[in-house]
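K.L.:
Chains as they are written, first to last, in the UniProt record's numbering: chain A, 1 to 426; chain B, 1 to 426; chain C, 1 to 426; chain D, 1 to 426.
Be aware that a few hints might be false.
Any copy, or any two copies together, can satisfy a pair, since identical chains are not distinguished.
[Stated by the list, open to error] Here are the computed lysine-lysine pairs in the DSS-like style, where the Cα-Cα straight-line distance is at most 27 angstroms:
| hint | residue 1 | residue 2 |
| --- | --- | --- |
| 1 | K128 | K380 |
| 2 | K287 | K401 |
| 3 | K347 | K401 |
| 4 | K325 | K426 |
| 5 | K64 | K347 |
| 6 | K314 | K325 |
No lab work stands behind these hints, which were simulated from the structure alone.
Protein chains: 4
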Amino acid sequence: MSDICAYHDQLINVRRHLHTMPEEGWCEFRTTAYLIETLRGYGYEVLTGTKVIDPESCLGRNPKLVEAAQQYALENGVSQAMLDEMEGFTGCCAVMDTGRPGPTLAVRFDIDCIPVQESHEPDHKPAKEGFVSERPGFMHACGHDAHMSTGLALAHWFADHKDEMKGRIKFLFQPAEEGVRGAAGMAASGIADDADFFLAAHIAMMCKSGEVSIKPYGFLCTTKLDVTYQGAPAHAGVEPNAGKNAMAAACNAFVQLLGIPRHGSGMSRINVGQLTAGEGRNVIPSKAVMKMEVRGETAEINTYMYERAVDIIKGCAIAQGCEYKIEKMGEAVDLINDEEMVEVLRKAAGAVKGVTVRDDPMNFGGSEDATIIARRVQAKGGKAAFFVLGADRPSGHHTAKFDVDEKALDTGLEVWANAVTALLAK
Amino acid sequence: MSDICAYHDQLINVRRHLHTMPEEGWCEFRTTAYLIETLRGYGYEVLTGTKVIDPESCLGRNPKLVEAAQQYALENGVSQAMLDEMEGFTGCCAVMDTGRPGPTLAVRFDIDCIPVQESHEPDHKPAKEGFVSERPGFMHACGHDAHMSTGLALAHWFADHKDEMKGRIKFLFQPAEEGVRGAAGMAASGIADDADFFLAAHIAMMCKSGEVSIKPYGFLCTTKLDVTYQGAPAHAGVEPNAGKNAMAAACNAFVQLLGIPRHGSGMSRINVGQLTAGEGRNVIPSKAVMKMEVRGETAEINTYMYERAVDIIKGCAIAQGCEYKIEKMGEAVDLINDEEMVEVLRKAAGAVKGVTVRDDPMNFGGSEDATIIARRVQAKGGKAAFFVLGADRPSGHHTAKFDVDEKALDTGLEVWANAVTALLAK
Amino acid sequence: MSDICAYHDQLINVRRHLHTMPEEGWCEFRTTAYLIETLRGYGYEVLTGTKVIDPESCLGRNPKLVEAAQQYALENGVSQAMLDEMEGFTGCCAVMDTGRPGPTLAVRFDIDCIPVQESHEPDHKPAKEGFVSERPGFMHACGHDAHMSTGLALAHWFADHKDEMKGRIKFLFQPAEEGVRGAAGMAASGIADDADFFLAAHIAMMCKSGEVSIKPYGFLCTTKLDVTYQGAPAHAGVEPNAGKNAMAAACNAFVQLLGIPRHGSGMSRINVGQLTAGEGRNVIPSKAVMKMEVRGETAEINTYMYERAVDIIKGCAIAQGCEYKIEKMGEAVDLINDEEMVEVLRKAAGAVKGVTVRDDPMNFGGSEDATIIARRVQAKGGKAAFFVLGADRPSGHHTAKFDVDEKALDTGLEVWANAVTALLAK
Amino acid sequence: MSDICAYHDQLINVRRHLHTMPEEGWCEFRTTAYLIETLRGYGYEVLTGTKVIDPESCLGRNPKLVEAAQQYALENGVSQAMLDEMEGFTGCCAVMDTGRPGPTLAVRFDIDCIPVQESHEPDHKPAKEGFVSERPGFMHACGHDAHMSTGLALAHWFADHKDEMKGRIKFLFQPAEEGVRGAAGMAASGIADDADFFLAAHIAMMCKSGEVSIKPYGFLCTTKLDVTYQGAPAHAGVEPNAGKNAMAAACNAFVQLLGIPRHGSGMSRINVGQLTAGEGRNVIPSKAVMKMEVRGETAEINTYMYERAVDIIKGCAIAQGCEYKIEKMGEAVDLINDEEMVEVLRKAAGAVKGVTVRDDPMNFGGSEDATIIARRVQAKGGKAAFFVLGADRPSGHHTAKFDVDEKALDTGLEVWANAVTALLAK
């Protein structure tokens with residue numbers, strides 16, 4: 001498939017352009033506008049707003065940040081009309097129907113950055129070569145810039161080869177993957193419900209340049225929660241008995257949460273990553289907020305951890321006479337690739353020169369909310385798979401010097417194109 | 001009132017006899033039988049069983065111990081008929097009506113011992129003089145033997161002086177004062193509801209021989225609780241998630257109980273005095289029992305402590321998925337002597353040669369469930385008071401060498417007789 | 001002492017001027033400059049900087065806020081030379097020696113505001129009459145503006161009457177009374193060590209206009225602490241064992257702190273008013289900060305609470321493998337007025353028309369760090385007292401509509417002048 | 001190896017005899033006497049007492065139970081001389097040297113019972129056939145009776161075949177395997193330090209009759225601990241501040257112990273199986289005892305759990321002002337069979353008619369302290385393996401109706417004899 005080379009410059013340039021303008025989850029208005037315009041330029045029908053995101057199912061979306069992001073987009077060339085079309089929700093779905101009978105393939109690429117200050121040191125290639133983030137405190141430090149670049153190049157390639165294809169392709173550009181927040185809303189919109197096949201991928205992770213892992217495991221099921229306790233303040237000297245101590249509810253919940261028993265059937269995790277409680281030194285604390293997460297090797301174990309946590313959170317509210325609120329802020333599930341799709345990937349990757357196909361179970365070792373969409377597709381009878389496109393990287397994911405070996409972009413596009421061809425070629 | 005001397009030998013002998021046969025709370029069958037027979041011998045109508053104890057209101061009564069105590073009584077000369085009359089409940093009420101119109105006076109004496117091994121060392125007078133406890137592990141180490149001896153002598157004296165009196169007298173011999181368990185059931189029986197006056201006393205405490213404190217304060221309100229958590233066992237290695245950890249419920253309740261906020265209006269206390277939990281080292285503990293108590297300077301503060309404790313106990317059950325049970329094991333309230341009765345006591349004690357009347361507020365510094373009956377009498381319009389009869393003692397209450405200066409018995413009887421005379425003399 | 005009327009306008013105007021420019025503790029550079037210049041205008045020798053504050057003993061002083069406050073002062077007319085003289089420390093001591101042998105009297109007035117947003121509603125007199133705070137978020141809401149105004153008027157009066165006096169007077173204008181932070185440093189400087197007499201006062205509190213309480217009690221001993229735990233972060237999913245969980249140290253310390261046993265000898269208190277811990281949701285928290293306080297009815301009880309707290313804080317650091325740091329942020333002790341000074345106050349206040357002298361024990365119900373200086377004076381053989389100058393107030397201390405009945409200022413100045421006269425008149 | 005049949009009756013009879021006289025760990029005096037006498041009858045040199053047990057390294061040995069057990073032994077026919085030889089320590093080592101140069105093989109059999117009341121129901125074979133436990137509350141419910149029977153038969157067989165062998169064999173009859181207590185002391189005695197080969201086995205577990213698992217995994221590393229906190233009592237009403245609350249130390253340690261973070265590298269466990277604390281309801285608890293255990297999939301993880309637990313136990317002692325004591329009560333490690341020994345077992349078992357050799361990794365799912373000796377042999381350059389001899393069982397290990405299919409005894413003896421032959425045949 002030698003004509004893939006034709007998209008090389010696009011792959012690099014688009015990735016570098018997007019790298020300069022990182023936007024965090026649910027705030028990717030400028031990014032989404034760029035995607036929509038580019039995809040429409042290729043001839044796609046592009047849906048956005050509540051057509052691709054179910055507002056009721058949104059997790060971890062902060063209205064204040066959304067508002068500021070819209071303002072930022074306006075100040076950076078996005079039109080009000082475009083913003084209106086988005087209805088406050090980022091991400092989009094580009095559809096191309098070949099007009100020929102055939103299956104529907106949904107492919108998913110995630111688009112958000114993470115809140116990390118990118119390095120400006122000379123040994124950091126984006127700094128040295130001039131495509132470092134222009135937004136202090138934000139950085140594409142998990143490779144979603146490369147994901148989008150690959151998605152756009154694949155869309156371009158598909159449009160160029162539409163006549164050789166049958167069926168229909170849907171490009172899902174998903175917001176807010178970090179914190180596993182965005183997929184739930186996109187899945188709930190039903191946009192992928194008609195997919196016969198679903199594919200998604202991540203760059204780098206545990207694979208080196210040249211490797212393609214087609215049977216990754218260890219997508220940890222996880223639920224992210226914000227817990228708020230509301231009590232009543234009182235003067236700690238004069239009338240401590242009059243207070244309802246929200247910090248007491250939170251701290252006692254914390255110690256019990258850490259003590260949720262290990263599960264005999266497999267790995268579990270729990271963490272309270274942030275706790276903020278109280279007002280003044282001499283006031284019985286009336287409010288406490290915890291940002292926490294549970295994980296499990298399986299959905300059953302994750303559910304076990306979640307349910308035990310809820311019992312504890314509730315029990316401590318009762319014990320301390322406080323009110324409590326639990327908000328789900330993110331969610332991911334596990335995934336087992338359908339064997340049929342694994343075979344597609346094996347051939348697609350195997351056909352690429354220099355690629356080592358890894359079909360041993362490599363541990364993904366993290367959470368990915370593409371699994372939410374994948375499992376919904378599977379539940380409706382479709383077939384789904386997730387693969388990892390190896391790429392050397394000088395530094396870990398989410399760190400200030402993260403970068404990917406750009407040669408992997410060519411490899412990745414070819415694997416994607418081969419897979420699409422295998423599924424949709426006439 | 002010189003004829004009081006006539007009862008001196010009785011006072012000493014009865015006290016010493018009872019000292020040899022101590023019985024713990026709710027188990028005083030042999031003691032009660034002795035009291036009933038003696039009082040009937042003086043011509044009293046004596047009520048016992050459910051006529052003087054309301055079974056529904058009994059606190060801290062252990063049926064197994066009761067059964068064993070009945071067996072012990074049978075083996076020590078108490079007839080089955082007498083036991084039948086008691087209906088399983090110890091204590092009695094002896095009534096004598098003068099036949100002349102007049103008020104009803106209720107006087108209360110407590111009858112149980114405590115589970116302490118009495119000293120047999122030669123410097124311990126009961127050992128040296130041969131009236132040491134004959135029951136290993138049990139001892140009249142709080143002076144209730146002296147209380148009963150005084151009560152019987154007073155009853156004897158009253159019967160002898162009946163013709164000089166009006167109205168009616170009721171002698172309440174109350175079981176299970178230790179742990180403040182017995183008064184609730186006696187009060188609830190209504191046996192003292194018709195009392196116009198109520199008097200009770202304690203020997204020794206903070207007063208020396210010759211002192212009579214007529215305005216003691218600091219009767220701490222208290223509630224004694226047994227808390228049981230029931231969870232589910234599981235193998236701690238194989239399937240820890242399958243357990244419901246009752247020890248976790250108890251330990252987390254414990255740490256929260258100690259953290260109940262101090263009350264701005266006055267003194268409060270909390271203690272968990274015993275905690276027993278778990279089965280085997282490698283089993284998730286399925287049962288935990290806590291013996292605890294709360295106290296408060298006022299009924300309001302004690303109630304505050306109790307209610308907060310209940311919230312915590314319940315909340316921790318929910319948090320750990322366990323069942324819980326709270327049993328009230330004892331209860332005492334505070335008491336303020338009615339001024340009218342203080343005056344009676346002032347004169348009654350002041351008339352006794354060698355007595356120093358203490359009407360400054362001396363701190364009783366403990367709980368006494370006579371307060372339960374006293375407050376019930378007050379609530380129904382009667383007048384009540386509690387006084388302390390000083391007595392030198394070689395060792396602290398509840399210790400193995402506790403003893404009282406027996407000269408105080410003569411003093412005490414005279415104070416009592418004077419008070420009864422003041423209230424009931426024709 | 002009718003000529004006190006001459007200072008009426010000064011009392012009001014100065015108080016209102018200072019009310020417009022509130023500065024918080026350790027940041028009162030503009031205020032201190034104003035005081036120094038005014039006092040020098042009256043002919044006083046004025047010491048400032050490390051001559052009146054011992055830097056080693058400073059509590060709760062935030063260098064960043066100090067720096068910003070110096071900048072604010074520069075921008076509002078304070079000269080660099082004046083700031084240099086202050087050496088970074090606010091507060092001052094004005095000394096006037098009569099040249100005649102006699103005792104040394106130290107009088108203390110506090111100068112800081114609190115961080116409250118003042119009301120601008122028309123029913124709030126400072127708003128209606130145009131002397132509301134000009135600094136958003138800061139307000140003289142505890143009457144220290146009135147204290148300073150009184151202190152300056154008294155200094156003026158004393159300078160005017162110097163020829164009638166003997167001995168020496170020292171006006172201590174103390175920074176950072178809120179949070180009981182400033183007195184420790186001022187006391188440690190030794191500036192009051194030569195005082196034969198010490199007097200301080202507070203306006204309003206539990207006394208109405210016209211009342212002067214000369215025997216207040218209930219100055220709670222207190223120690224304010226900031227506790228920091230430093231652990232080590234780790235990825236909560238991948239390697240939770242690699243972390244040192246500072247939040248675990250803090251939460252477990254919290255639950256144990258609340259459980260410090262009540263003290264049998266009197267009232268104790270503990271509160272953790274703020275807890276901030278953790279970084280990201282999926283990171284083992286590596287840092288936690290608690291703002292807390294202990295109190296005791298006596299120094300012994302406060303010390304008991306403090307020492308138990310330190311044990312717990314240390315023990316939880318060891319238990320969780322974290323480092324810890326305890327910083328003392330404030331301190332106050334209890335005080336018993338010397339009877340000799342009470343007599344001075346009784347006469348000084350009694351001589352003022354319309355004043356009701358309250359010599360019954362009125363509960364101050366809070367902490368005041370003037371006690372630190374007072375107890376140091378007492379320890380060195382001097383006599384000390386603290387009194388409360390009643391003043392009607394429409395709203396509670398520390399609230400947005402706090403204000404004082406300005407008529408109390410005249411009364412207060414007269415009481416002060418009478419007391420000074422009693423102690424220093426030729 | 002048809003002559004194995006000759007030992008059939010011995011196998012059954014000895015097992016049944018030992019089944020009637022179960023003795024718990026460190027108390028197997030009667031059992032050890034029986035073993036010693038039997039082995040000496042076969043011509044073995046038998047060592048016992050401190051020659052085979054290092055007293056310093058004994059875990060979980062209760063002197064009071066030992067004393068009672070010696071008394072029981074005396075009453076049941078064991079001579080004082082025999083007891084003297086044992087020096088208070090059960091277990092023994094029987095040595096036979098062929099006189100020919102060759103390797104030393106150590107084989108280990110465990111001898112203690114567990115405290116379970118054996119069933120007397122007719123469907124329980126030992127009850128029906130008359131070899132049920134004669135000691136109420138004790139039962140060979142884990143098959144150690146079969147282990148001993150096999151060991152004795154193997155010793156008999158080896159003595160009968162000594163002329164065909166070279167080198168030396170050592171039979172280790174190890175006490176106190178339950179609670180993984182006995183092996184540490186036996187290993188520390190050095191009795192197996194000269195072994196070139198080490199073999200041990202367990203009956204039943206996860207294998208059915210006819211199966212022999214030669215590569216079991218999942219020997220959980222574990223450490224069993226008893227933790228004692230000693231504080232100081234105080235009257236909970238009068239002077240709660242005077243106490244040092246051992247229950248507070250224990251409960252706070254408990255909640256922190258459960259919260260020890262999961263280990264990223266594998267399975268970990270923690271349990272506090274028993275907690276007993278406190279004296280009376282109104283006494284600040286001065287003593288608390290916890291029986292607990294940690295486990296880890298690897299020695300590294302178990303050590304991690306242990307060290308974190310120690311930090312917590314110590315930290316809570318400091319936090320609550322108590323003393324603490326940690327006693328190691330048991331210990332087991334993991335084990336990987338040496339490949340060379342696996343091959344020996346494969347052939348030894350494979351040669352037995354009707355045996356299915358299981359060389360897939362079967363999960364042992366528990367702890368076994370034979371691993372302690374095995375790892376010590378490996379550390380000194382020897383080769384070691386542990387195998388599981390399948391046996392059908394009507395009920396789970398440690399239950400009242402546990403029993404083993406006695407046909408497995410013949411199979412087992414043949415496997416053992418084959419393995420010994422493979423290692424020691426001339």
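K.L.:
For each hint, tell me whether it holds in the structure or not.
P.N.:
Status of the hints after comparison with the structure:
Taking the closest pair of Cα atoms, K128 and K380 never come within 27 angstroms of each other, the shortest separation being 48 angstroms inside a single copy and 57 angstroms across copies. With identical chains, the CA atoms of K287 and K401 are at most 27 angstroms apart between copies only, with a shortest distance of 24 angstroms across copies and 38 angstroms within one. In this homomeric assembly, K347 and K401 never come within 27 angstroms of each other (Cα to Cα): the closest approach is 34 angstroms inside a single copy and 57 angstroms across copies. In this assembly of identical chains, K325 and K426 lie within 27 angstroms of each other by CA distance neither inside one copy nor across copies; the values are 53 angstroms within and 71 angstroms between.
Taking the closest pair of Cα atoms, K64 and K347 never come within 27 angstroms of each other, the shortest separation being 47 angstroms inside a single copy and 63 angstroms across copies. Taking CA atoms no more than 27 angstroms apart as the test, K314 paired with K325 passes in both settings, with 9 angstroms inside one copy and 19 angstroms between copies.
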